[in-house]
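Just so you know, the sequences run in chain order L and W. Position 440 of the first sequence, counting from 1, maps to 442 under our numbering, and the rest follow consecutively. Position 92 of the second sequence, counting from 1, maps to 126 under our numbering, and the rest follow consecutively.
Check each hint, because a few of them may be wrong.
Lysine to any residue pairs mimicking SDA-like chemistry, simulated, CA-CA at most 20 Å apart [claimed, not checked]:
1. W:K65 - L:I371
2. W:K65 - L:G275
3. L:K197 - L:Q423
4. W:K57 - L:G252
5. L:K8 - L:I371
Estimated spans, in silico, between C-beta atoms of each pair [to be verified]:
6. W:G292 - L:I158: 53 to 61 Å
7. L:L120 - W:T91: 43 to 51 Å
8. L:E340 - W:N204: 53 to 61 Å
9. L:R49 - W:T91: 51 to 59 Å
10. W:K65 - L:N103: 31 to 39 Å
11. L:D327 - W:Y319: 40 to 48 Å
12. W:F62 - L:R429: 51 to 59 Å
13. W:P317 - L:Q301: 16 to 24 Å
14. L:I130 - W:G136: 22 to 30 Å
15. L:G104 - W:F62: 35 to 43 Å
16. W:S92 - L:A348: 46 to 54 Å
17. L:R49 - W:P68: 54 to 62 Å
18. L:Q301 - W:L71: 42 to 50 Å
Derived by calculation from the structure, the hints in this document are not laboratory data. Built from N, CA and C at the ideal position, the CB exists for glycine as well.
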Amino acid sequence: MANLLKIVNGERVDRAAIPMIDLDEFLQSLTDFVGEDGSVVQFFAYREGASNRLLAVLRNDDLFLIGTEVGESFPSLTRAGSKKFQLFEREIAEQYGIRPNGHPWLKPVRYHANYPGLPDIFGNDYAIDIPGNYEYFQVQGESIHEVAVGPVHAGIIEPGHFRFQCAGEEVLHLEIQLGYQHRGIEKMLTEVPQKRLPVICEGIAGDTSIGHNLCCCQAIEALAGLQVDRGASIVRVIALELERIANHIGDLGALSGDVAFNPPAAYFGRIRGEFLNLLQVLSGNRFGKGLLRPGGITQVMADEQRLLIAQKLSEVTPEIRNVCDLLFSAHTVQARFEHTGTVSLAAAKDLGLVGYAGRACGLAYDARIAFPTERYAVLPGNTNAVTNGDVNSRAEVRREEILHSLALIEMMLSQYEQTRQAVQMRRHELAPDALVVTVNEGWRGEVSHCVLTDQTGRIQRYKIKDPSFHNWMGLAMSLRNQEISDFPLCNKSFNLSYCGYDL
Amino acid sequence: MESMLSFLLATLAAPLFPGIILKVKAFFAGKKGPPLLIKYYTLAKLLRKGSVYSTSTSFVFKMGPTVSFATALMALLFFPLAGVKPVFFFHGDVIVLFYIMGIGRFFTILAALDTASPFEGMGAAREAFFSTLAEATVFMVLILFYRMNGSLSFTDYFQSQNPITLMSPNGSLLLFVVVSMFMILLTENSRVPVDDPATHLELTMIHEVMILDHSGPDLALIELGAFYKLFFYAAFISHLLIPAKFAGGAAGGAVFVGTLAMIYVAIGVTESITARFKMNLVPKYILTSFALVTFAAILTTMGLV
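Please model the entire structure based on the sequences and the hints provided.
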């Protein structure tokens, strides 16, 4: 571990300081690190002149950085080290045409041609619209049947393709293929004028617009040397927590609706709207778009807004408690939630699950506590009482987080001070030859952005990681030996982002 | 004449009652809910549309809706609604009737399999399995009724000299039957806690998934057939609940409609206060209804009641 560079969340690092070590040593360091309960935050490739570089951001109690130079291929860490690398390696292969030799399941992540224009690793012809050149994993046997769901679904949700290998009602294996919403965001961010970055980041995943934009703004602030005053930080925390509450409440309602228990579904649907409206009070947009910009916030929270929020919170908090009681005390609901879609702690560790999906399995990691930004360093953390890894645990974690977030907002409101000045987006000079990693706990889990600048201060590589990137495999695992009719419930309990994954 | 009239009234009124369920569910959810006549609007909308047929289906697919509608309609022809003699009746008509409804289900399942969709096959398998279990309960009810009343005809059950009512000497046994038949009503008409008629999640559906490919007038026939079937089961339970022999005329009709409405309200309440069962719990649920009726039947053989 001696060769890893310890870094601080949201602080600029000179690229000269990044340890660029020999490939073998690099792979060994990564294997050792994850072997000792370390996790992967980012692992990606970029071009430096004519050569390929790999960069890894790792975490245990601290954040670490390490890099290497690589040719056309490297020995797969998934095989030698940990399953945590499998998707990152597939992404590297897809984006830069670098083959992870011996990867147990090398298949496309998003279905697009690689950036340098090298021959495609998967043998795909991207002139064809539908990803077809892939043999799904198949189970064979007399009573085995295959069910294909999507990419067009019956509900108003995003597109994704699910292949179930079933024996009767029992699912033996679920394979998930995404990429239908690939918009080329990472590449776009290096090409567009700087002032568009926050706008694009707000659209990475519509339900995490605050989370992703916070990462983007913090990265630009670090590279441009901007300071955010306390008042603006407080508003950022409030916005992030409002987003968390709105989504968690929406999910609890949807979980309730999926088991045909209507009243909480209807009540939560309405209460979710209340929180979206609070975000509108704060920013003028129900999803908080346009609120965060590098250097601060665009709308000053005056006393009027503060009182409106405080008043609404005291009004809906008891309602939330009551509806939660209604949902969690119904024994027919308990019968559906408990022991459904269980992911063991061992499997969760193996896959590196994050966010509520990880916490429901007993992985306590919360980026707000581990790598606090904004005002989180002075705010109390949350603990989870139910961590069995089933749908019930994922629902309980949501309930606890909603109540915790409500308390956080109240604390922030009581410590409130007005920001000095609202900021608007303008172009900032970024430090040349620098790198910054930002990590925040979005409502779904660990959101991380990593920005590299070249010697002129232009953004050379912008790497985004949505928590869904870690967690989709968790959903696939939760379906093992479950009834296929429980899939929608399991899916909703994870509620992962398609577009956050597809980028 | 009177029989024909009651039959026609029933066919016209059947789509009204499911509106009650929606209203009750909306009340529990704190909503206004759709208008009471929503199902008529839906039917009118569907009948105005055209049907779309997949090129991979055959004539079997088109037969499904027609046959299932016809069999549901026949159920009402045999049933003595509100104490009025049914259009048709003969000794043993109950057995014929339940098997006619079986034919309807058979063709719905065939039509589902004809689409070659993995969803519909799954739904068909579930429907076939669960209705097989439900049949056991229904026939145990018939056995019990035969012991109580000595007949195999709806008309004799409710209109003979020795009608089956709660007031008769062994009427207490009917409480078992009422509970069991209500459970069967929920099962056979794909209601919560067995199935969820409101869900959009194909993987969880039982009945709805079988009719995903039907559209326009075909779907209208299926929907209408489903209303008749639900009406039939609700009417059956109403007759068990109304304690005395039917007075006939307007008063009898009013009591009947009132009881019927209460049963639909009960369905709405059940759907609002319970979640769906896990799929593997459904057989146990259906067999519970079987056990209840069997218990009642055993009591009659022991001569205790």
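Could you tell me whether the CB distance from G292 (chain W) to I158 (chain L) stays inside 53 to 61 Å? Between G292 (chain W) and I158 (chain L), where Cβ atoms are some 40 Å apart, the hint is violated.
Starting from the hint 51 to 59 Å, judge whether the C-beta atoms of F62 (chain W) and R429 (chain L) obey it. holds (55 Å)
Hint check for F62 (chain W) and G104 (chain L) - Cβ pair distance inside 35 to 43 Å: violated (57 Å)
Does 46 to 54 Å hold as the CB distance between S92 (chain W) and A348 (chain L), or does it fail? The hinted range 46 to 54 Å holds for S92 (chain W) and A348 (chain L), with Cβ atoms some 50 Å apart.
Holds or violated: are the alpha carbons of K57 (chain W) and G252 (chain L) at most 20 Å from each other? violated (24 Å)
P317 (chain W) paired with Q301 (chain L), Cβ distance criterion 16 to 24 Å: violated (58 Å)
Would you say the C-beta atoms of D327 (chain L) and Y319 (chain W) sit inside 40 to 48 Å of each other? violated (26 Å)
Verdict for L120 (chain L), T91 (chain W) (Cβ pair) under range 43 to 51 Å: For L120 (chain L) and T91 (chain W) the Cβ distance comes to about 46 Å; the hint holds.
Quick check: does the Cβ-Cβ distance between I130 (chain L) and G136 (chain W) fall within 22 to 30 Å? violated (48 Å)
Okay, Q301 (chain L) versus L71 (chain W) on CB: inside 42 to 50 Å? Holds: the Cβ-Cβ distance is about 47 Å, inside 42 to 50 Å.
Is it true that the C-beta distance of R49 (chain L) to T91 (chain W) lies inside 51 to 59 Å, as the hint says? holds (53 Å)
Given the proposed pairing of K65 (chain W) with G275 (chain L), does the C-alpha separation stay at or below 20 Å? holds (15 Å)
The structure does not agree with the numbered hints 1, 4, 6, 8, 10, 11, 13, 14, 15 stated previously, though it agrees with the rest.
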